[in-house]
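Asks: The task is simple: from the sequences and hints, build the whole structure.
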Amino acid sequence: MTEIAMLASAALLVIGSFFALVASVGLLRLPDLYTRMHAASKAGTMGSCLLLIALAIHADDIGTMSRALAGVVFFLLTAPVSSHLLAKAAYAVGYRLHSSSVMDDMKRED
Amino acid sequence: MISVAAIFDSAVTLALGILSLSFLVTIYRIVKGPTLPDRILGLDMLVAIAIGFIAVIGIKTGYTLYVDVAIALGLVGFLATVAFARFVLSRGKTEDDIITEAREAAAAARREAKAASRSGAGTTTGRPDND
Numbered sequence: 482m483t484e485i486a487m488l489a490s491a492a493l494l495v496i497g498s499f500f501a502l503v504a505s506v507g508l509l510r511l512p513d514l515y516t517r518m519h520a521a522s523k524a525g526t527m528g529s530c531l532l533l534i535a536l537a538i539h540a541d542d543i544g545t546m547s548r549a550l551a552g553v554v555f556f557l558l559t560a561p562v563s564s565h566l567l568a569k570a571a572y573a574v575g576y577r578l579h580s581s582s583v584m585d586d587m588k589r590e591d
Numbered sequence: 253m254i255s256v257a258a259i260f261d262s263a264v265t266l267a268l269g270i271l272s273l274s275f276l277v278t279i280y281r282i283v284k285g286p287t288l289p290d291r292i293l294g295l296d297m298l299v300a301i302a303i304g305f306i307a308v309i310g311i312k313t314g315y316t317l318y319v320d321v322a323i324a325l326g327l328v329g330f331l332a333t334v335a336f337a338r339f340v341l342s343r344g345k346t347e348d349d350i351i352t353e354a355r356e357a358a359a360a361a362r363r364e365a366k367a368a369s370r371s372g373a374g375t376t377t378g379r380p381d382n383d
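Line by line, the protein sequences give chains A and B. For any residue, its number in my numbering is found by taking its place in the first sequence, counting from 1, and adding 481. For any residue, its number in my numbering is found by taking its place in the second sequence, counting from 1, and adding 252.
By construction, these hints were calculated from the structure, which means they are not laboratory data. Don't take each hint at face value.
Have a look at the derived ranges for each label pair, beta carbon to beta carbon [stated by the list, open to error]:
#1 B/Arg370 with A/Val562: 54 to 60 Å
#2 B/Arg291 with A/Val562: 18 to 24 Å
#3 B/Ser369 with A/Gly575: 35 to 41 Å
#4 B/Leu273 with A/Gly575: 30 to 36 Å
#5 A/Glu590 with B/Gly372: 50 to 56 Å
#6 B/Gly314 with A/Phe555: 48 to 54 Å
#7 A/Ile543 with B/Leu341: 15 to 21 Å
#8 A/Gly575 with B/Lys312: 43 to 49 Å
Glycine included, C-beta positions come from ideal geometry on N, C-alpha and C.
Replies: Shown next, in the form of structure tokens:
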């Protein structure tokens, strides 16, 4: 394996795990469900996808590489769907936005 | 001059440390999380971090068999989140609603008991169906 690929893989490892840390800190610090979801479903997906891409770069054979990239594609496809479903269910049931929210486009006019 | 292998090894160790930290922070949110959707979101995040862990372990040890496990874990996490979202929707009430219902039921039971004790030895049923 060339040194360039090794360095790229190392950089992706550090950046990806940093994204995962940012997502979990956002999960800890943000005030309500919807803002937490914004942190977890964007930065979290980004983090694990970058780690899988690092694995794909590091892998020697085509099989491992293609499986890691398939995992990336699968994760990119499913994460928005699941978080959208969860947000929609929570909003429909009546979990309120935090009081510092300035806009609610789905508020019913009545 | 630091060798590339040393940089790579320290990057793997750093990634494992950061991922462990974010795992713990997410678990704190799951334990503390005031509502059910917060906990579901935390579990979803936990699955994402676990997939990242599997990728780092696959790089570190060379057991690339675990990539299949990562794909299966992503599938299970997706289905679990969808099922939990359906559960939240079908439950149809928030934690605040449940607490309000319980308070109202308790107040009604108290009022009923007071009325029963005032009217003497009437038909005092305890109303155990108020949850």
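Asks: Hints first: check each against the structure and report whether it holds.
Replies: Now for the hints, and whether the structure bears them out:
1. B/Arg370 with A/Val562: 54 to 60 Å: 58 Å, holds
2. B/Arg291 with A/Val562: 18 to 24 Å: 19 Å, holds
3. B/Ser369 with A/Gly575: 35 to 41 Å: Between B/Ser369 and A/Gly575, where Cβ atoms are some 37 Å apart, the hint holds.
4. B/Leu273 with A/Gly575: 30 to 36 Å: For B/Leu273 and A/Gly575 the Cβ distance comes to about 34 Å; the hint holds.
5. A/Glu590 with B/Gly372: 50 to 56 Å: Check passed, 53 Å falls within 50 to 56 Å.
6. B/Gly314 with A/Phe555: 48 to 54 Å: 23 Å, violated
7. A/Ile543 with B/Leu341: 15 to 21 Å: 43 Å, violated
8. A/Gly575 with B/Lys312: 43 to 49 Å: Given a distance of about 46 Å, which is inside 43 to 49 Å, the answer is holds.
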